[in-house]
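**Q** All chains, please: the whole structure from these sequences, using the hints.
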Amino acid sequence: MYEDFVQKFSSNPAAVAYGNWQISQYYQNAGDLQKALDYGDKALASSPHNLDILVSQAGIAQQMKNNSKLMDYSVRGGEAYNSISKQAKPEGLSDQDFATRIEEEKNSGKSSYESLEAAAYNAIAGENSAKTRMSYIERFTPAFPKSRFEEQVTSYAMVSLSELKDTSRLISYGEKSLAVNPNSLPTLLLLANTYVEDSKPGSMNKAVTYAQKAIAVAKADAPDADRSRKLSAGVAHYTLGYAYLKEDKTVAAIPELKTASGLLKGQDDQYYAMTMFRLGWAYAKLNKVTEAREVLVEAVKIPGPVQQPSQDLLAKVNAARAKGK
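According to my numbering, the residues represented by the sequence shown are 9 to 333, in order.
It should be emphasised that the hints constitute simulated quantities derived from the structure, not laboratory data.
Fair warning: this is a prediction, and the values are worked out from it, not measured in the lab.
One should not assume that every hint holds.
Stated by the list, open to error - List time: in silico BS3-like cross-link candidates among lysine-lysine, alpha-carbon distance up to 30 Å:
#, residue 1, residue 2
1, 77, 50
2, 227, 184
3, 254, 221
4, 254, 293
5, 293, 184
6, 118, 77
7, 173, 154
8, 184, 173
9, 43, 97
10, 173, 118
11, 293, 208
12, 184, 118
13, 257, 293
14, 293, 331
15, 208, 184
16, 254, 227
17, 266, 324
18, 97, 139
19, 296, 257
20, 43, 73
21, 184, 254
22, 296, 331
23, 296, 273
24, 293, 324
25, 254, 154
26, 273, 324
27, 254, 331
28, 254, 214
29, 221, 77
30, 214, 97
31, 273, 257
32, 227, 214
33, 94, 43
34, 97, 73
35, 324, 296
36, 94, 154
37, 118, 94
Claimed, not checked - Label pairs and their calculated CB-CB ranges:
#, residue 1, residue 2, range
38, 174, 56, 30 to 40 Å
39, 107, 213, 35 to 45 Å
40, 254, 313, 15 to 25 Å
Each residue gets a CB set at the ideal place from its N, CA and C atoms; glycine is no exception.
**A** Given below as structure tokens:
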């Protein structure tokens, strides 16, 4: 019946989209998911920004366990939703009426947008291949700016690009993310930590810049600062101190590392251990053996990759201390 309807109103894109979408839903209910997907694509060809159809197509792709298609529809939906506020104002419409129309359209599409955002995130979280997962993330980030899953997606990006050993791509991802959301704490930390380990000229300056920006955004001293913000600030202060050490600015590094230790203690053992190791190293370099010993005694208590280097450095500090007596 709907195929006749589509033929009859073939010159009307809205009618064609509606008819093909109904056929798609029929085949989905009948269990023929490939035909459902095909007819849904025909519907989208006539109405490419229709969020309801995109949600329907994403659901079919999810049933088929076709995450590639699921990402296609989700990203298209995100782009369609974001384009609402970018449309040109029609002639003769007042600014107030236009603003009201935009707000109504966004409110109408919000649940569809959030549904597609969640579906895309689940595809990222469920993907085992680092290469494929990263390709999903690179599409997700601009389609869903300021996502409620931003922190988790950034973590997946870090893991994926670490597995791929692709520093340049990680930096490219981070820079693009910041262009969309300049105050993203996870992305600022991602870039600061990447640049501080990079040996290219200029990398240390960038590490310092991003770490300082992360500290400013986190506002760890603010009354409403939660654990996540304080932890982020702690990591940023650690990275800033580490960057100063690599630039031979040992005196400048010490207050950053001391601040980091206060924020990280009892919150993140591994970052706390790294901070205390770097702080001990800084004190030792300045021949402040008593201070170096105090912080290294803390560092050696924490199991992990920094425990042995901390023990080795503590032994050297103790030897220097004994020699100085």
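**Q** Decide, hint by hint, whether the structure agrees.
**A** To see whether the hints hold, each was checked on the structure:
| no. | hint | result |
| --- | --- | --- |
| 1 | 77 to 50 | holds (15 Å) |
| 2 | 227 to 184 | holds (24 Å) |
| 3 | 254 to 221 | holds (19 Å) |
| 4 | 254 to 293 | holds (12 Å) |
| 5 | 293 to 184 | violated (39 Å) |
| 6 | 118 to 77 | holds (21 Å) |
| 7 | 173 to 154 | holds (26 Å) |
| 8 | 184 to 173 | holds (19 Å) |
| 9 | 43 to 97 | violated (39 Å) |
| 10 | 173 to 118 | violated (37 Å) |
| 11 | 293 to 208 | holds (25 Å) |
| 12 | 184 to 118 | holds (24 Å) |
| 13 | 257 to 293 | holds (11 Å) |
| 14 | 293 to 331 | holds (16 Å) |
| 15 | 208 to 184 | holds (20 Å) |
| 16 | 254 to 227 | holds (25 Å) |
| 17 | 266 to 324 | holds (22 Å) |
| 18 | 97 to 139 | violated (41 Å) |
| 19 | 296 to 257 | holds (16 Å) |
| 20 | 43 to 73 | holds (15 Å) |
| 21 | 184 to 254 | holds (27 Å) |
| 22 | 296 to 331 | holds (14 Å) |
| 23 | 296 to 273 | holds (22 Å) |
| 24 | 293 to 324 | holds (11 Å) |
| 25 | 254 to 154 | violated (33 Å) |
| 26 | 273 to 324 | holds (25 Å) |
| 27 | 254 to 331 | holds (28 Å) |
| 28 | 254 to 214 | holds (13 Å) |
| 29 | 221 to 77 | violated (37 Å) |
| 30 | 214 to 97 | violated (40 Å) |
| 31 | 273 to 257 | holds (24 Å) |
| 32 | 227 to 214 | holds (20 Å) |
| 33 | 94 to 43 | violated (34 Å) |
| 34 | 97 to 73 | violated (40 Å) |
| 35 | 324 to 296 | holds (13 Å) |
| 36 | 94 to 154 | holds (17 Å) |
| 37 | 118 to 94 | holds (16 Å) |
| 38 | 174 to 56: 30 to 40 Å | holds (33 Å) |
| 39 | 107 to 213: 35 to 45 Å | holds (42 Å) |
| 40 | 254 to 313: 15 to 25 Å | holds (18 Å) |
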